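For the record, the sequence lines run as chains A, B and C.
Note that our numbering numbers the first sequence so that position 166 is 166, with each residue one more than the last.
Note that our numbering numbers the second sequence so that position 75 is 75, with each residue one more than the last.
Note that our numbering numbers the third sequence so that position 156 is 156, with each residue one more than the last.
Don't read these hints as lab results, they were simulated from the structure.
Model, not experiment: these values are computed from the prediction.
Once the Cα atoms are required to be at most 20 Å apart in a straight line, the calculated EDC-like pairs of lysine to aspartate or glutamate come out as:
hint, chain 1, residue 1, chain 2, residue 2
1, B, Lys134, A, Glu151
2, C, Lys94, B, Glu166
3, A, Lys165, B, Glu108
4, A, Lys5, B, Glu47
5, C, Lys69, C, Glu45
6, B, Lys165, C, Asp104
7, A, Lys76, B, Asp22
8, B, Lys84, C, Glu107
9, A, Lys5, B, Asp50
10, B, Lys134, A, Asp160
11, B, Lys125, A, Glu166
12, B, Lys134, A, Glu166
13, C, Lys156, A, Glu108
14, B, Lys5, A, Glu47
15, A, Lys5, B, Asp69
16, C, Lys94, B, Glu108
17, A, Lys76, B, Asp16
18, B, Lys84, C, Glu8
19, A, Lys165, B, Asp135
20, B, Lys5, A, Asp50
21, B, Lys125, C, Asp116
22, B, Lys76, A, Asp16
23, B, Lys76, A, Asp22
24, B, Lys76, C, Asp116
25, B, Lys165, C, Glu107
26, C, Lys188, C, Glu224
27, A, Lys165, B, Asp124
28, B, Lys84, C, Asp104
29, C, Lys156, A, Glu106
30, A, Lys165, B, Asp114
31, B, Lys76, A, Glu29
32, C, Lys156, A, Glu166
33, A, Lys76, B, Glu29
34, C, Lys156, B, Asp124
35, B, Lys5, A, Asp69
36, B, Lys84, C, Asp116
37, A, Lys134, A, Glu106
Using C-beta positions, here's what the derived DEER-type ranges look like:
hint, chain 1, residue 1, chain 2, residue 2, range
38, C, Val216, B, Pro140, 32 to 40 Å
39, B, Pro137, A, Leu123, 36 to 44 Å
40, B, Pro72, A, Glu47, 26 to 34 Å
We put the beta carbon where it would ideally sit given N, CA and C, even for glycine.
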Amino acid sequence: MDNLKQLVEAYIFAADSPLSLDRLSVLLERPRAELRSIVEQLCQQYEASDRGFYLAEIAGGYQFRTQPDLAPYLRKLNKDRSTKFSRAAMETLAIIAYRQPITRPEIEYLRGVDSGGVMKTLLDKNLLRILGKKDVPGRPLMYGTSRHFLELFGLRSLNDLPTLKEFSALDPELTEAEPMNLEKAE
Amino acid sequence: MDNLKQLVEAYIFAADSPLSLDRLSVLLERPRAELRSIVEQLCQQYEASDRGFYLAEIAGGYQFRTQPDLAPYLRKLNKDRSTKFSRAAMETLAIIAYRQPITRPEIEYLRGVDSGGVMKTLLDKNLLRILGKKDVPGRPLMYGTSRHFLELFGLRSLNDLPTLKEFSALDPELTEAEPMNLEKAE
Amino acid sequence: MSIQIQLENFSGPLDLLLHLIKSNEMDICDIRIVEITEQYLAIIEQMKQLDLDVAGEFLLMAATLIHIKSRMLLPVSEELVDEEGEDPREELIKRLLEYQRYKDIAEHFQQMPQLDRDVFCGFFNLSDVSTSETEDEVQIAVGVYQLAEAFHHLLKERPAEVFHEVIQETLSVSDYIERIVERLTHKKRQCLSDFFPEGSQRTEMIVTFLAMLELVKMRLINVEQIQDFSEVWLSLAVPAEELTSANAEERALGYG
Numbered sequence: 001m002d003n004l005k006q007l008v009e010a011y012i013f014a015a016d017s018p019l020s021l022d023r024l025s026v027l028l029e030r031p032r033a034e035l036r037s038i039v040e041q042l043c044q045q046y047e048a049s050d051r052g053f054y055l056a057e058i059a060g061g062y063q064f065r066t067q068p069d070l071a072p073y074l075r076k077l078n079k080d081r082s083t084k085f086s087r088a089a090m091e092t093l094a095i096i097a098y099r100q101p102i103t104r105p106e107i108e109y110l111r112g113v114d115s116g117g118v119m120k121t122l123l124d125k126n127l128l129r130i131l132g133k134k135d136v137p138g139r140p141l142m143y144g145t146s147r148h149f150l151e152l153f154g155l156r157s158l159n160d161l162p163t164l165k166e167f168s169a170l171d172p173e174l175t176e177a178e179p180m181n182l183e184k185a186e
Numbered sequence: 001m002d003n004l005k006q007l008v009e010a011y012i013f014a015a016d017s018p019l020s021l022d023r024l025s026v027l028l029e030r031p032r033a034e035l036r037s038i039v040e041q042l043c044q045q046y047e048a049s050d051r052g053f054y055l056a057e058i059a060g061g062y063q064f065r066t067q068p069d070l071a072p073y074l075r076k077l078n079k080d081r082s083t084k085f086s087r088a089a090m091e092t093l094a095i096i097a098y099r100q101p102i103t104r105p106e107i108e109y110l111r112g113v114d115s116g117g118v119m120k121t122l123l124d125k126n127l128l129r130i131l132g133k134k135d136v137p138g139r140p141l142m143y144g145t146s147r148h149f150l151e152l153f154g155l156r157s158l159n160d161l162p163t164l165k166e167f168s169a170l171d172p173e174l175t176e177a178e179p180m181n182l183e184k185a186e
Numbered sequence: 001m002s003i004q005i006q007l008e009n010f011s012g013p014l015d016l017l018l019h020l021i022k023s024n025e026m027d028i029c030d031i032r033i034v035e036i037t038e039q040y041l042a043i044i045e046q047m048k049q050l051d052l053d054v055a056g057e058f059l060l061m062a063a064t065l066i067h068i069k070s071r072m073l074l075p076v077s078e079e080l081v082d083e084e085g086e087d088p089r090e091e092l093i094k095r096l097l098e099y100q101r102y103k104d105i106a107e108h109f110q111q112m113p114q115l116d117r118d119v120f121c122g123f124f125n126l127s128d129v130s131t132s133e134t135e136d137e138v139q140i141a142v143g144v145y146q147l148a149e150a151f152h153h154l155l156k157e158r159p160a161e162v163f164h165e166v167i168q169e170t171l172s173v174s175d176y177i178e179r180i181v182e183r184l185t186h187k188k189r190q191c192l193s194d195f196f197p198e199g200s201q202r203t204e205m206i207v208t209f210l211a212m213l214e215l216v217k218m219r220l221i222n223v224e225q226i227q228d229f230s231e232v233w234l235s236l237a238v239p240a241e242e243l244t245s246a247n248a249e250e251r252a253l254g255y256g
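Produce the complete structure using the sequences and hints provided.
What follows is the structure, given as structure tokens:
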């Protein structure tokens, strides 16, 4: 019986979305009524014990959620994700890392989209450096990666970046797509 | 004070990867030592109470996870987002875990087969990290396991892996990792 | 030896060798090389007859086994002892033991509780916490690989600009068969060493050699030597015009 409670708790905890009594009943092969009483016990236990999260009844099912009154603190979790990047940020950073010095129009040509916002984010995170102005009409700014960029990626220098050749050597699909060239294989 | 414990619990619960004491210390603006004792209390509480999940120490942080012995039941949830690893992938991962930093030719010598495709898969799954380039002619890339590797197997650190000695130490000479002999691998 | 052996069930030639050693109840440290070599070659041969591709690594191992076998049959000469140590099997045994160990670890890894397979963490359920502050796209963990991957991805989508060249090393025995035949068509007699210029890679040399053996077996080339230890000469055994049809059949050898 106690084992059943443990299982109910684990199922609700692990499920991607609120778990209904019907679903629990199928998973555990037990009558709904029995499970209902267990779930209710669990709800009460969490409520009584003043924890960081509780068992909420949501959309006809049950789900663990953080206490609503902690929301102001938990928002901090979302900010300061300094170690994560969106795909767009990663792409832009990659272009700059490999093609520096590079101007914004050149970046945007490669990405095919406006990149002002992403570049601002990267500059704010101190990952980019302005390297000067390019000697072409309009004298656009040239960008490169910063020292902090090297630190973040654990590189001693830009030479430590994998070359694209090494990189494509890992990708069998890509290698197959190329014509065979045995003379160069030496 | 009890409110602090509640917050710690909520942060750990809400974070999408194991939360380190350093990170908690930044989020809560409290000294590490204080937080460490709270986290330890929480760990003990969960351990003592025979719940469906527990507070695990993983990859230098803390995370709530379901009990491993409930695995046979939880598979029924069919949320299996996990990737099945081929034998080749696991072998490669094992070699990299124990011999890091290691280069691709070294891996291929140990396995006796081309491993580019497998390594690309492991890199795509974020289980490997590029550790830089080896200071030998050709400067090949060196690989190691990532933080996500620790998370996948629920390890606190690489030290949690069984020692090499525990595996088929048929030849006493082999218990110590041998220097690579790559001349012969070509 | 059972016919059911499929190379794709083995993660490489070392894996296949370990399987053979186990099924023969041999000690890895004391492999009966003649038996193992015969069985190994028989499997490769079967695969070829079934018209299956045999990967280069399996052929390479075949060459290694033949080499070890021949060295074990030779009387021990001082030169060889100095050059490669006492037991020709030594290096192979070391590799097998080492490989066996990682195979065991891999097995252990498979059985360890894995996240999202055996063990789950809670699903990010923040009450009343807006997550819209984060960018709506997938978040990527930082790593040099991810960085290189992002750039690579871009370049793939814009193939017009080529910044890199891909060098592939494909060693196929049938390609080398063709090359040897071609060379011998142009120049009727050539010495063996011409096919192994200085600086050749070991793998390339082995595949060249395998190709020659195959040509001898097909009776397409002659191998002659005027006296012991003098130069070995190769020449075509059939008129060049008959070779075109022979070439077509080489694909059926199973060398991929």
